[in-house]
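Could you put the whole structure together from the sequences, leaning on the hints where they help?
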Amino acid sequence: MNNEQHTNKQSFEQCVKCTICTVYCPVAAANPDYPGPKQAGPDLERYRLKNPRFYDDTLDLCLNCKRCEVACPSNVKIGDIILSARLKYSAKRPKLREYILANTDVMGSMATTFAPLVNASLKLPAVKNIMDRTLAIDHHRTMPTYSSQRFEAWFKQHAQAKQENFDRSVSYFHGCYVNYNHPKQGKDLVKILNAIGYGVHLLDKEKCCGVALISNKMEAQARRQAKVNINSIRRSVAAGRPVLTTSSTCTFTMRDEYPHVLGVDNADVREQIVLATKFIFEAVDAGRVKLAFREDYRKRIAYHTPCHMEKLGWSIYSTSLLRMIPGVEFMMLDSLCCGIAGTYGFKRENYPYSQKIGEPLFRQIKSLGVDLVATDCETCKWQIEMSTGVTVENPISILADALDVEQTMKLNK
Amino acid sequence: MNVNKSNHFDVIIIGGGITGAGTARDCALRGLKTLLVERLDLTNGATGRNHGLLHSGARYAVTDGESASECIKENMILRRIARHCVEETDGLFITLPEDDLGFQKTFIKACRRAGIRAEAIDPAEARRLEPSVNPSLIGAVRVPDGSVDPFRLTTANALDARLHGAEVRTYTEVIGFIKDGRRIVGVKLRDRQTKSESEVYADITVNAGGIWGHRIAEMAGARVNMFPAKGALLIFGHRVNNLVLNRCRKPADADILVPGDTISLIGTTSSRVPYDEIDDLQVTPDEVNLLLREGSKLAPSLAATRVLRAYAGVRPLVAADNDESGRSISRGIVCLDHETRDDIPGFITITGGKLMTYRLMAEWATDMVCKKLNVDKRCQTAEICLPGSSYDKDTKSIATPLSIGTRAAEGRHGSMSKKISADSRLDRSLVCECEAVSIGEVDYAIRELRVRNLLNLRRRTRVGMGTCQGELCACRAAGLLGKANGCARKAQEDLAAFLNERWRGMYPVAWNDTLCETQFTSWVYEGVCGLDTFAKE
Chain W
88 MNNEQHTNKQ SFEQCVKCTI CTVYCPVAAA NPDYPGPKQA GPDLERYRLK
138 NPRFYDDTLD LCLNCKRCEV ACPSNVKIGD IILSARLKYS AKRPKLREYI
188 LANTDVMGSM ATTFAPLVNA SLKLPAVKNI MDRTLAIDHH RTMPTYSSQR
238 FEAWFKQHAQ AKQENFDRSV SYFHGCYVNY NHPKQGKDLV KILNAIGYGV
288 HLLDKEKCCG VALISNKMEA QARRQAKVNI NSIRRSVAAG RPVLTTSSTC
338 TFTMRDEYPH VLGVDNADVR EQIVLATKFI FEAVDAGRVK LAFREDYRKR
388 IAYHTPCHME KLGWSIYSTS LLRMIPGVEF MMLDSLCCGI AGTYGFKREN
438 YPYSQKIGEP LFRQIKSLGV DLVATDCETC KWQIEMSTGV TVENPISILA
488 DALDVEQTMK LNK
Chain E
17 MNVNKSNHFD VIIIGGGITG AGTARDCALR GLKTLLVERL DLTNGATGRN
67 HGLLHSGARY AVTDGESASE CIKENMILRR IARHCVEETD GLFITLPEDD
117 LGFQKTFIKA CRRAGIRAEA IDPAEARRLE PSVNPSLIGA VRVPDGSVDP
167 FRLTTANALD ARLHGAEVRT YTEVIGFIKD GRRIVGVKLR DRQTKSESEV
217 YADITVNAGG IWGHRIAEMA GARVNMFPAK GALLIFGHRV NNLVLNRCRK
267 PADADILVPG DTISLIGTTS SRVPYDEIDD LQVTPDEVNL LLREGSKLAP
317 SLAATRVLRA YAGVRPLVAA DNDESGRSIS RGIVCLDHET RDDIPGFITI
367 TGGKLMTYRL MAEWATDMVC KKLNVDKRCQ TAEICLPGSS YDKDTKSIAT
417 PLSIGTRAAE GRHGSMSKKI SADSRLDRSL VCECEAVSIG EVDYAIRELR
467 VRNLLNLRRR TRVGMGTCQG ELCACRAAGL LGKANGCARK AQEDLAAFLN
517 ERWRGMYPVA WNDTLCETQF TSWVYEGVCG LDTFAKE
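Quick note, the sequences are listed as chains W and E, same order. Start counting the first sequence at 88; every next residue gets the next number (the working numbering). Start counting the second sequence at 17; every next residue gets the next number (the working numbering).
Hints should not be assumed to be uniformly reliable.
Chain W side only, calculated, beta carbon under 7 Å to chain E, not exhaustive [to be verified]:
hint, residue
1, Q101
2, Q126
3, K215
4, E493
5, K497
Listed below are the simulated DSBU-like cross-link pairs for lysine-lysine, each with C-alpha atoms no more than 35 Å apart in a straight line [what the hints assert, rightly or not]:
hint, chain 1, residue 1, chain 2, residue 2
6, W, K179, W, K434
7, E, K121, W, K175
8, W, K500, W, K274
9, E, K21, E, K266
10, E, K204, W, K175
11, E, K21, W, K179
12, W, K179, E, K434
Everything labelled a hint here was simulated from the structure, so no lab data went into it. Built from N, CA and C at the ideal position, the CB exists for glycine as well.
In structure tokens, the structure reads:
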């Protein structure tokens, strides 16, 4: 047993047992079977060091939202301890369902090929019932739709050539969601960045960030993919291109889960992996770029802070950008977990808790009568759209819609 | 003399340490009417203040072959009769670059002579077996060391004595002997809680008072030359090592690191202390520094690990009878027949020895008692398992996953844990979160293990022994005790006393995380609960 890991990297000894983490844990509030982060993390880790048989399957109830770590006044990596314990001690190995849910890129490339068919079938109650019965993927869940054209394909055909015309450039880690489900979000980013004078490049090789692989205990595959990504990111940074993202979870995974959970060192490039909203806000704030907005854009928008955005501490960048748009009536939602946690909420055993966790957030959204909810995470988007009926957009897409492209280009000439 | 059936015993044993409890069990198993009296709680003395090391005997092999072979025999017996108190971890005797590697050969030879399995292993293999070991080691010998929980062992012995008809009275102090001529025929007792005094009679009285046995013998009119040797230890916040780590050299200070339950222990120092200090031992900064410095040589990560607390015990070293100076110290078992030695019939002292050889000490003492009483019964303590270590198949259904408290309690109480209720959510909910002690377990301890206060409860379960040292659990446990004893006021006093006792052990190591913890504890209990204003009243 590697005890050293626990005294240095993932030390739990600063825990003074104040239990604030458990107060902020969305799962502990919704499900009394979950012992809470303090018990599941630092407390039981002492027992697991004594004997791995003290590992408890209730740890699978953890969403990995990391709200415990945000709450902790002693800087204990509670979520990391729990996640690492799941990877190390759990006897439950991933089954077919986990492979399907976690391999977002494999599933995505198959689904995009037959997108209309796949999308239509995934809406059929019969198909959902079969998936529920055979795979234990809850039939209540609305499945994400797939796009017929991948973002990468669009980019190569329509955008790549002109990216060489810019003096300044960045790389874009689009992630699986943009590539297979929602290329528009990537197109929106290209549109904004080009307008403010940045060329956009793809990474040499991009793999799924691996967040779903980690939470479904496919650690080795996650580590392989992490290494591919970090190597691509290294080459991009060496070429003077920071790496932008439009998903808070991919960003958080590559910055923090890679070194903390997978042991993949990214110290040399970590600060160059940035959410696009942060990058743009800082450029505007420093006066390096200027934005001009359409006068006819009018929207009442509420921002939802995804858990990993809370952990990054970056929602201030996304919200500040949204507040710059003159036509936006902005509202900040309470920082609450929506309950889906990636693949977690798709699983039949978790579905009821998933919805119970999200309930206070759904109630607040429904009460506000907004046109749009803005958020930086795609799975939060699925959950909120399914549970409230309100349309959810990434701040980048909202910015792109509100942007006066011609005027902006002129301002940044 | 007011002798009647209820206050007359075959044998009275003074001292509720492991020797006294073991002797009471042996006497009871041999059918003697037995009374065990202890002035405080069971395990209050040296029994509860040592390493909890299940010696293989290897440590003594070179210097004291007899102790070594006693140890390995008792080691093997305890693995069988006290399974639930023992962890069969094995241990390593490591050679560091500053040590003489030549000693290893002498050591292995001496071990084998004493009947101790000892095999030299490659340093790389040692690092693989025990990743926390100092990576610069140049040699390692694997021996059958382990750890033993002295609290559980004593509780199980006392419990078995009671199950075989013995009476156990804690918080009952011996204030004098009743004599008939020179013969000791009974003792005068004072109940420390009710302050009431009483007399009990017995044909034989056994002094098993450890270092306090010196005073008891004096009271009886005999002189046993004892020298208190203080040994300080540190407890770390979690298990750093899973194998016992020793230095392969002549025994020295702070060279044993023992994994015990959820923690690791480093010790000990060794220094003579004046007799009047034995009830109030303080661990000094020099001792703490020495323990940390030497401990880090065994396992470097200790330097960065939270120290939970420091404590010290007193070894009862006995001088040979003909040596008034005390230079010739025996670490072996000393069983004194005061009838032949001092012309005091009816009085026996059993002392010396060590935790590992308590059963043998009890056997010697009980043999002597039986001889004097003309009882012809064989000792069976090496064969009959202690309560908790029985091999019965009657374990709980594992259809539903066991709660963490139930699993932790199984480790603490062995097969007795089936008496712990886990039926309701309330029974399963935790009192002590660090050590996973449930309400059901606390109820069991109050019901069956002679728990009157939080200190007793801590030693019978592990309430308050974990990372937070009582911060979260003490008030919950005090609430349960208050309910059981029907007195809230006493529970409050008990709570204040318990927290002060916890602070005493944290004070010598109060820096970093431990200091934060104590601060937080004082906010909770003084700032929020107002326990300090209560204590001043």
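Evaluation of the provided hints:
1. Q101: 5 Å, holds
2. Q126: 6 Å, holds
3. K215: Because about 30 Å separates W:K215 from the closest Cβ in chain E, which is outside the 7 Å limit, the hint is violated.
4. E493: Given a least distance of 58 Å, the restraint on W:E493 is violated.
5. K497: 57 Å, violated
6. W:K179 - W:K434: Holds, because 15 Å separates the two Cα atoms, which is no more than 35 Å.
7. E:K121 - W:K175: Outside the cut-off at roughly 39 Å; violated.
8. W:K500 - W:K274: 21 Å, holds
9. E:K21 - E:K266: Cα-Cα ~54 Å, so violated.
10. E:K204 - W:K175: 60 Å, violated
11. E:K21 - W:K179: 62 Å, violated
12. W:K179 - E:K434: 28 Å, holds
In summary, the numbered hints that this structure violates are 3, 4, 5, 7, 9, 10 and 11.
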